[in-house]
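These protein sequences, in sequence, are chains D and U.
Mapping of the first sequence onto full-length UniProt numbering: residues 1 to 971, in sequence order.
Mapping of the second sequence onto full-length UniProt numbering: residues 1 to 271, in sequence order.
Keep in mind that the hints are not guaranteed to be accurate.
[To be verified] Computed, partial: chain D to chain U, Cβ under 7 Å:
1) Val521
2) Thr523
3) Val524
4) Arg531
5) Glu874
6) Ala880
7) Ile881
8) Gly882
9) Thr883
Hints in this document: simulated from the structure, not taken from any laboratory.
Ideal placement from N, C-alpha and C gives every residue a C-beta, glycine not left out.
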Amino acid sequence: MITIGLRDARAHFGRFIMSIIAIALGVSFVVGSFCFREMMNNQVDQMMASNSDADVYVRGNKEQKDSAASNFGDSSDSNSSSSSDSASTESQHYNRIDIALVDAINGVKGVAMAEAVYEVNGLVLVGKDDNAVSTTGGMTVGMGLTKGTWRSATLTQGRWAKARDEITLHTFAAESAGLKVGDTTKIVYPDGPADVHVVGIFSTVSSQAGAIIIGLNPDTAKEYFQQQSGQVGTARYLTVYGSAAGGQPLTVTQQQALADGINAALPSDAHAVAVTGQSVRDDNAASTKKALGFVQPLILIFAIIALFVGSFIITNTFSMIVRESMRGYALLRSIGASPIQVFVTVAAQAILLGLVGSGIGIGLGWIMVRGIVVLMDRLGTPLTGAVNPSISDMLVGLIVGVLVTFIGAALPARRAAIAPPIQAMNETVNPEKPVWPRGIAGTVMIFLGSAAWFLCWRIAWADNSGVTVSPWSWFNDGIKTLGTGWPLGIGAGLVVIGVIVLAPALVNSTSAVLGWIPSHVFTVTGRLATRNLSRSKRRTANTAAALFVGVAIVSCLGVVASSAKASVAGIVDSGLKSDFSAMSVSSGQIPDDAIAAIKKTQGVGTVSQSRMLMGVTYGSGDDATAAMTFAEQPSLFTKVFAPVTNSGDANKALRNGELVVGLQVAKDNGWKVGDTVKVNGRQVVVDEEATAKAQADYQAQVKAKVEGLTAEAQRLLASGDISGAQAKSAEAQQAAESAKNVDPSTLVKTKTKTTHVSMKIGAIIENSIYRSMVLINDDAAEKIANQYTMFTIMLFINAKHGTDLNGLKARLIKAVKPYYVVNVQDRDEFKSTMSSMVDQILLVLYALLALSIVIAIFGIVNTLALSVSERTKEIGLLRAIGTSRAQVRGMLGVEAAIIAVFGTILGMIVGIAAGVVIRAVYESNGLSALSIPWNQLGVFLILAILVGLVASVSPASRALKQPVLDAVASE
Amino acid sequence: MARHSKQDIKRGTNTDWNGAQPHDRQGHVVAKAIDLTKIYGDADNRVVALNHVNVEFERGQMTAIMGPSGSGKSTLMHCMAGLDQPTNGQVIVEGLEVSAMNQRQLTKLRREQIGFIFQSFNLVPTLSAEENILLPLQIAKKPIDRAWFKQIVKVVGLEQRLTHRPSQLSGGQQQRVACARAMMARPSVIFADEPTGNLDSHSSHEVLGFLKRSVHEYGQSIVMVTHDPRAASYADRVLVLADGNITQDLKHPTYDQILEVFADEGEEPSA
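Could you put the whole structure together from the sequences, leaning on the hints where they help?
Below is the structure:
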């Protein structure tokens with residue numbers, strides 16, 4: 001029987017092509033998603049291995065909540081400081097440790113080298129072409145590097161940077177910037193650009209995924225690190241290389257032994273602990289992988305859609321084949337074949353089909369990931385992770401593919417097997433089972449899903465305004481801990497599945513409604529098409545489902561994205577009063593010189609500075625909480641942003657030196673207007689004692705050197721080497737000279753001083769950009785922080801009355817050009833910064849939509865092909881009584897278009913509903929305005945009609961190819 | 001026997017053929033075949049379905065085409081109706097050369113000149129009886145003659161069943177709907193392919209009675225293929241085919257006469 005099946009399969013190969021494509025697509029997504037994840041993991045592991053390659057790390061022993069919780073609202077925040085952080089991994093933070101521990105560690109037996117490696121984020125490297133080097137891979141990092149500080153980095157050319165004006169470049173950075181050893185270029189530090197020479201180039205084993213790495217002189221790196229962190233003499237961690245393996249990386253046991261040795265040597269009051277490099281790498285890799293983990297489910301969703309459509313296409317295909325071969329099966333049955341044997345005949349074809357499809361799919365998946373890697377490389381993010389699918393990936397793909405095919409074919413196969421021989425000989429159409437049970441089940445699920453959404457919204461609302469979720473307190477307590485994510489997700493899942501279940505019950509009414517226009521435009525064909533859809537409601541609904549899911553996802557995100565845009569635009573329109581804004585595209589800090597240049601620009605009226613205070617906490621002791629704190633000019637609320645006041649008078653409060661608190665912060669801390677809170681800040685001040693000591697040390701050092709040289713000269717003179725003596729004394733003189741020329745500031749030792757100020761809360765505001773911030777005026781800020789711990793993040797510029805804004809803008813852009821990183825935007829551009837980011841995300845979505853459309857087209861083509869094959873006689877009859885070819889095409893076109901529109905409309909309804917719920921839930925996080933992108937949705941709808949029409953072309957041709965005679969001739 | 005066939009045709013058709021006006025729409029010939037040949041298969045495996053057949057069908061008559069399986073009777077009808085392309089020869093319906101038509105012209109022909117009745121009824125299952133009857137007119141975007149519609153419906157006796165779907169009608173009723181559908185556009189000629197093949201004798205009687213009435217009362221021309229002598233006995237004229245040739249041409253034969261012919265036919269091969 002299997003032989004018969006395989007022969008049949010060969011005979012039906014043409015029929016199978018579409019099924020094979022569908023299965024191959026589905027499997028390729030499955031395999032591709034696994035492959036992609038593995039490639040990313042591999043890449044992360046590689047990067048960890050070369051970037052965190054120390055044998056032991058010494059870090060703080062107390063976990064801290066260091067960064068302000070980054071939530072959804074951050075994306076709409078106007079400051080860009082979070083953007084530099086977002087690329088870094090989301091790992092735990094520990095207390096900082098004293099770098100003086102290096103000495104203690106270096107003394108431990110087995111330590112080859114212990115050091116604090118400083119990283120400076122947010123640098124900009126200026127390339128050969130005098131433009132800032134940027135890659136999609138993201139950030140530019142400066143690291144204090146010298147021989148031995150980074151084992152995985154190998155110097156390939158030149159030497160390590162030794163002075164402030166020298167840099168060593170990573171090979172990728174050098175390549176991207178077009179720089180060679182010996183070139184001179186600029187680096188934009190947080191405080192402004194500086195000229196530097198490229199003195200060396202180094203390479204790392206793993207690619208750095210597009211990051212631009214600049215090796216700085218360690219002292220320079222340390223200086224900027226301290227500036228950025230606002231703390232002096234501390235580091236996040238110290239790296240330790242062991243000597244046990246003779247310069248090679250230590251094994252895990254050796255690492256552990258070394259860590260134990262260091263721990264024993266660390267002073268008990270150092271709040272520090274040594275951990276093995278391996279554990280740090282594992283932790284970091286795990287958190288990075290987690291951060292990247294969202295990609296796979298996204299791909300998998302589309303894999304599921306493809307496989308769903310695939311199994312459905314297979315069911316259709318096999319229905320056609322079984323129907324056409326029914327006589328053959330009946331013959332087999334009548335000569336004694338058992339139902340099982342007939343089933344096997346069909347199933348054998350299915351399994352063969354599944355194997356072929358999955359095989360192609362695995363190849364496609366592999367090519368897909370390959371393609372992504374090539375594309376990323378083009379875009380400036382080279383990845384060196386392995387992309388070849390593992391055996392288990394292939395097995396998963398194969399099993400999924402074969403299983404889906406088998407499931408798809410099982411129903412038609414069963415039909416073939418159990419049909420009584422006589423009935424099989426005649427073509428009989430069994431009426432469809434009623435769809436109302438599905439209607440009820442679907443409605444119940446949608447109802448439950450909506451209830452979950454409602455609950456989710458209530459939770460968010462209650463969270464926001466302090467109203468209880470429900471009248472039942474026991475319920476409230478339980479539900480609070482649940483958060484909004486679960487109900488939202490469960491609701492979405494229930495609604496989507498509910499709609500799929502319900503859909504067949506909607507076919508009748510929907511096709512009547514959707515068919516209204518076609519049946520009036522094309523009286524006969526339109527009406528025939530409409531009624532044909534109701535014939536097999538399940539099939540119609542399933543075909544539409546493919547499009548439904550894709551459109552639902554896209555329109556949901558479309559609504560969210562468009563709301564985000566509208567919200568930002570709303571802030572600008574209603575609140576922003578200034579004509580221009582300026583911010584840094586890299587570090588977030590605007591160099592002081594740039595500010596001066598802007599102020600000097602002709603036509604500038606007032607410039608309002610937003611300065612961020614580093615490391616400000618509120619409260620005392622362990623209860624202290626961090627909040628983003630900004631120093632503003634007292635005129636902020638009158639000249640730049642109109643406040644949306646929750647309580648108190650924001651303008652007066654700011655002028656009076658009181659705290660103006662964002663609603664989110666106030667709520668988190670339970671503050672009210674009139675409360676007094678303790679504000680803790682940091683100031684970096686000159687450590688007089690240490691500076692004096694350093695200067696004395698230096699003087700002594702120079703003196704000793706000069707004395708030594710002089711003594712040498714005298715000794716040489718005594719021995720008669722006059723020229724040598726002269727050289728030595730000249731050297732001594734030079735040493736003394738250069739000591740005089742040394743910049744005293746390099747000898748200035750600084751320390752961090754903590755400040756504590758009690759301040760009154762003067763107002764609570766709820767402008768969405770200020771929701772999670774605390775604002776104080778400049779005078780008050782000076783008491784908490786000083787210039788070393790306060791950075792200008794943003795400038796708001798008002799033009800002088802009567803100045804031509806376009807001209808001013810051009811002058812401003814020219815003024816900041818030498819600083820490379822400062823971006824001046826007018827009001828519209830300020831709005832569109834956000835929009836363009838959103839648009840980029842949408843672009844990815846459209847790619848996904850295109851994918852689901854392609855899959856959906858396959859589904860529609862297949863369904864129509866099946867229905868055409870079932871209706872051969874009917875179409876023949878229509879032709880015989882005078883239906884033209886165009887009318888037949890029209891009929892099928894209308895059918896296909898209605899299926900497509902049906903799926904699209906369902907998808908839009910669910911997608912918009914989901915988008916509205918998400919918007920409402922995250923209203924407090926900046927999604928203040930709801931905007932539904934009607935134009936976009938209109939385009940989807942038109943697209944759906946086109947998709948339907950395109951899909952109907954080939955089945956219609958097949959229908960017309962059938963001679964009328966064959967169709968109507970009685971056998 | 002094949003050698004005799006040409007002479008047979010000439011003998012059988014001579015009388016009417018000579019007097020025919022070739023392109024007279026109002027003439028008494030509604031459709032005719034000239035030297036019609038249809039060969040299936042390739043050189044190795046030739047089946048001659050029609051062998052140089054010449055025949056004319058008269059207006060306002062019901063003509064039955066009879067013959068054993070494989071005699072070519074269905075092929076003749078399909079070629080006449082433009083459903084099949086002849087290998088050689090011409091088919092002319094109402095003065096129009098069907099055998100030379102392209103798809104567009106064929107569609108026009110089917111809309112204006114030809115009606116069909118099939119053995120397996122072939123109603124559109126999604127449409128009601130009334131919609132099925134009106135379908136040809138609507139497809140052709142022709143105005144609907146309500147009086148004519150009422151008349152037909154009354155004749156076929158479907159007044160009470162117009163809103164029913166085909167699945168709710170009996171076989172006889174379905175075939176009567178199909179007859180009404182064929183009549184509705186007042187085609188020049190209706191081709192009926194074994195119209196009673198799937199019906200019991202009572203329903204057959206009803207349907208054939210209706211067809212006969214439409215011929216006599218409304219002057220409809222009908223060409224019917226059947227192998228049921230009783231059905232053929234309703235016809236004004238019976239053509240008998242064998243092996244692609246017309247062997248008999250009977251005017252107003254009685255049931256017994258037809259039976260007799262078939263008795264002869266049966267004897268012929270053994271003779």
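- Contradicted hints - numbers only: Result: hint 1 breaks, nothing else.
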